[in-house]
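**Q** Chain A is fixed; fit chain D onto it per the hints.
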Amino acid sequence: MQYFNDKGKAIIEAQFGAQVKKESGTEIDRCYQCLTCSLGCPSAFAMDYLPHQIVRMVQLGLREAVLTSSTIWVCADCQTCATRCPNEVDLVKIMDVLREISLREGLAKERGIADFHRLFLANIRQWGRQHELSLILKLKLRTRDLFSDLLPGMKMLMKGKLKLLPERFKEIEKVRDIFRRAEK
Amino acid sequence: MTQPTAPGLRYAYYPGCSLEGTAREYGLSVRAVCARLGIELAEIPEWSCCGASSGHSTSRWLACTLAGRNLALAEGMGMDIAVACPACYIRLRKAHHEIKSDDSLREELSRLMAVPYQAKHRTRHLLDIISHDVGLENLKNKVVKPLKGMKLAAYYGCYLVRPPEIVAFDDPENPQCLDALLDTLGAEARDWSGKVDCCGGSLSLSKRQIARQLVDELVEMAGRAGAEAMVTACPLCHANLEMRQTGTDGNKIPVFYFTELIGLALGIAEARSWLKRHLVSPSGLLASYGL
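Which chain is which? The protein sequence lines are A and D, in order. Under our numbering, the first sequence has 42 at position 36, and the numbering climbs by one with no breaks. Under our numbering, the second sequence has 207 at position 179, and the numbering climbs by one with no breaks.
The hints are simulated quantities; they were obtained by calculation from the structure and are not laboratory data. Here a beta-carbon is modelled for each residue, glycine too, at the ideal position from N, C-alpha and C. Hints are not guaranteed to be accurate.
Unchecked claim - Each computed DSBU-like pair below joins lysine-lysine, with the alpha-carbon atoms no more than 30 angstroms apart:
{"id": "1", "chain 1": "D", "residue 1": "K128", "chain 2": "A", "residue 2": "K176"}
{"id": "2", "chain 1": "D", "residue 1": "K280", "chain 2": "D", "residue 2": "K148"}
{"id": "3", "chain 1": "D", "residue 1": "K304", "chain 2": "A", "residue 2": "K161"}
{"id": "4", "chain 1": "A", "residue 1": "K27", "chain 2": "A", "residue 2": "K13"}
{"id": "5", "chain 1": "D", "residue 1": "K128", "chain 2": "A", "residue 2": "K28"}
{"id": "6", "chain 1": "D", "residue 1": "K128", "chain 2": "D", "residue 2": "K280"}
{"id": "7", "chain 1": "A", "residue 1": "K165", "chain 2": "D", "residue 2": "K179"}
{"id": "8", "chain 1": "D", "residue 1": "K176", "chain 2": "A", "residue 2": "K180"}
{"id": "9", "chain 1": "D", "residue 1": "K304", "chain 2": "D", "residue 2": "K148"}
{"id": "10", "chain 1": "A", "residue 1": "K161", "chain 2": "D", "residue 2": "K168"}
{"id": "11", "chain 1": "D", "residue 1": "K280", "chain 2": "D", "residue 2": "K176"}
{"id": "12", "chain 1": "A", "residue 1": "K180", "chain 2": "A", "residue 2": "K165"}
{"id": "13", "chain 1": "A", "residue 1": "K144", "chain 2": "A", "residue 2": "K180"}
{"id": "14", "chain 1": "A", "residue 1": "K165", "chain 2": "D", "residue 2": "K128"}
{"id": "15", "chain 1": "A", "residue 1": "K99", "chain 2": "A", "residue 2": "K161"}
{"id": "16", "chain 1": "A", "residue 1": "K146", "chain 2": "D", "residue 2": "K280"}
{"id": "17", "chain 1": "A", "residue 1": "K190", "chain 2": "A", "residue 2": "K115"}
{"id": "18", "chain 1": "A", "residue 1": "K176", "chain 2": "D", "residue 2": "K148"}
{"id": "19", "chain 1": "A", "residue 1": "K176", "chain 2": "A", "residue 2": "K28"}
{"id": "20", "chain 1": "A", "residue 1": "K161", "chain 2": "A", "residue 2": "K180"}
{"id": "21", "chain 1": "D", "residue 1": "K280", "chain 2": "A", "residue 2": "K190"}
{"id": "22", "chain 1": "D", "residue 1": "K179", "chain 2": "A", "residue 2": "K161"}
{"id": "23", "chain 1": "A", "residue 1": "K13", "chain 2": "A", "residue 2": "K144"}
{"id": "24", "chain 1": "D", "residue 1": "K304", "chain 2": "A", "residue 2": "K180"}
{"id": "25", "chain 1": "A", "residue 1": "K165", "chain 2": "D", "residue 2": "K173"}
{"id": "26", "chain 1": "D", "residue 1": "K128", "chain 2": "A", "residue 2": "K190"}
{"id": "27", "chain 1": "A", "residue 1": "K165", "chain 2": "A", "residue 2": "K115"}
{"id": "28", "chain 1": "D", "residue 1": "K168", "chain 2": "A", "residue 2": "K146"}
{"id": "29", "chain 1": "A", "residue 1": "K15", "chain 2": "A", "residue 2": "K99"}
{"id": "30", "chain 1": "D", "residue 1": "K280", "chain 2": "D", "residue 2": "K304"}
{"id": "31", "chain 1": "A", "residue 1": "K176", "chain 2": "A", "residue 2": "K99"}
{"id": "32", "chain 1": "A", "residue 1": "K144", "chain 2": "D", "residue 2": "K304"}
{"id": "33", "chain 1": "D", "residue 1": "K168", "chain 2": "A", "residue 2": "K169"}
{"id": "34", "chain 1": "D", "residue 1": "K148", "chain 2": "A", "residue 2": "K28"}
{"id": "35", "chain 1": "A", "residue 1": "K99", "chain 2": "A", "residue 2": "K190"}
Unchecked claim - Which stretches of chain D does chain A cover? Using the computed rule of at least three CB atoms under 8 angstroms from a CB of chain A, they are:
{"id": "36", "stretch": "42–51"}
{"id": "37", "stretch": "78–85"}
{"id": "38", "stretch": "150–158"}
{"id": "39", "stretch": "180–192"}
{"id": "40", "stretch": "280–288"}
This is chain A alone, in the form it adopts within the complex:
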């Protein structure tokens, strides 16, 4: 069942809660809004909705508001919420599922962070292992932010902390195979 706003856009999708529950394998209905997750969250200050609000919104089926929120991207993946939840609601898994759906449907609000993940994975697909220098350069080109961190970056290069060339990797096709299957 869907509920629409006056512009005809679906704002509530009753099945959303069930979808997240199924994909994350966690019992979101158990949440009784005690706020333990939000109080321990290190990124809370940068979020548009607090973690406990996201859980409530998922239960209510506020699909688009959740999938276009900053919260799911500025989550630092520190695992504190799920560790402290008295009802074993695994918010870490919920966040993963929300990011996955948001990317799949092209709704990611924090483009910089979503781009970072994409470039990170593209590099693994290309080289088998992460090559930090090319990742940083690609990220800079993509975000058109060429000059921040130039100084520490140069310092890292001079100290031999950034490998210039990626290593040769014999079984690269096996890693690429994983990515090819993931696309199916």
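**A** Frame of chain A, contents of chain D only:
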């Protein structure tokens, strides 16, 4: 000076990408310290990236198979895995956990690897291995240059302690093993409340201002507790703590890898060369202790 390997201290070693790049000094110190402590690390041939945060943030399937490939390679070697990077550690442990309880994932991985994957072996972090398999008593016997009461804040961060049912070998809210290890080396681990707070490392490149705020809070807390340097077992925390402190060059707090300090205390000659790679130089601090 190699010493005979104690029986059982052999592991399939998963270095992870950072230890060959931004955290090269961590990689070098891990190998040197393990050799000295009689831990044999057999590098997993053709290991690949575990997928890190970007893997599980975009696809559970990808996260499990990218990490799983390495688990299967290690299983072929018949040994538990030793890993130094906590981000790799949690990925490998989580994948193991998920693959074990999901038949379709296990079959998929077996197909990919062309051998049946049985999820038989464990993944262990080196802090756990050194604290519990080598043991602090053995470590203490090998200390030749004690750290003279240097005041340190043991920083555990996230993935060595959370989520406890997947990763923990210590208390998730107030862990002690790194503190105990530093005390064993002759340093003074200060009690402080930032031990397991997140530094925002996963956002260090993509959302700088969040990382900066979290790092500054941690550095301030460590300073208030009387620590003159922080100690980590994580390459992402190390890079983030060094890069995102907002102090001027002179008042930034140095950050050590725990293996670098073990190397110094055991009198390993190359230890100095590892420290030269830091962005925040610890040489002034070490000189003030005559080290």
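**Q** Compare the structure with each hint and give your call.
**A** The hints, checked one at a time:
| no. | hint | in the structure |
| --- | --- | --- |
| 1 | D:K128 x A:K176 | holds, 28 angstroms |
| 2 | D:K280 x D:K148 | violated, 45 angstroms |
| 3 | D:K304 x A:K161 | holds, 11 angstroms |
| 4 | A:K27 x A:K13 | holds, 29 angstroms |
| 5 | D:K128 x A:K28 | holds, 19 angstroms |
| 6 | D:K128 x D:K280 | violated, 45 angstroms |
| 7 | A:K165 x D:K179 | holds, 27 angstroms |
| 8 | D:K176 x A:K180 | violated, 50 angstroms |
| 9 | D:K304 x D:K148 | violated, 40 angstroms |
| 10 | A:K161 x D:K168 | violated, 36 angstroms |
| 11 | D:K280 x D:K176 | holds, 22 angstroms |
| 12 | A:K180 x A:K165 | violated, 33 angstroms |
| 13 | A:K144 x A:K180 | holds, 24 angstroms |
| 14 | A:K165 x D:K128 | violated, 42 angstroms |
| 15 | A:K99 x A:K161 | violated, 37 angstroms |
| 16 | A:K146 x D:K280 | holds, 26 angstroms |
| 17 | A:K190 x A:K115 | holds, 25 angstroms |
| 18 | A:K176 x D:K148 | holds, 26 angstroms |
| 19 | A:K176 x A:K28 | violated, 38 angstroms |
| 20 | A:K161 x A:K180 | violated, 35 angstroms |
| 21 | D:K280 x A:K190 | violated, 49 angstroms |
| 22 | D:K179 x A:K161 | holds, 27 angstroms |
| 23 | A:K13 x A:K144 | violated, 39 angstroms |
| 24 | D:K304 x A:K180 | violated, 37 angstroms |
| 25 | A:K165 x D:K173 | holds, 27 angstroms |
| 26 | D:K128 x A:K190 | holds, 23 angstroms |
| 27 | A:K165 x A:K115 | violated, 36 angstroms |
| 28 | D:K168 x A:K146 | violated, 46 angstroms |
| 29 | A:K15 x A:K99 | holds, 28 angstroms |
| 30 | D:K280 x D:K304 | holds, 16 angstroms |
| 31 | A:K176 x A:K99 | violated, 34 angstroms |
| 32 | A:K144 x D:K304 | holds, 28 angstroms |
| 33 | D:K168 x A:K169 | violated, 36 angstroms |
| 34 | D:K148 x A:K28 | holds, 28 angstroms |
| 35 | A:K99 x A:K190 | holds, 22 angstroms |
| 36 | 42–51 | holds (count 6) |
| 37 | 78–85 | holds (count 7) |
| 38 | 150–158 | violated (count 0) |
| 39 | 180–192 | holds (count 5) |
| 40 | 280–288 | violated (count 0) |
Checked against the numbered hints given earlier, the structure breaks hints 2, 6, 8, 9, 10, 12, 14, 15, 19, 20, 21, 23, 24, 27, 28, 31, 33, 38 and 40 and satisfies all the rest.
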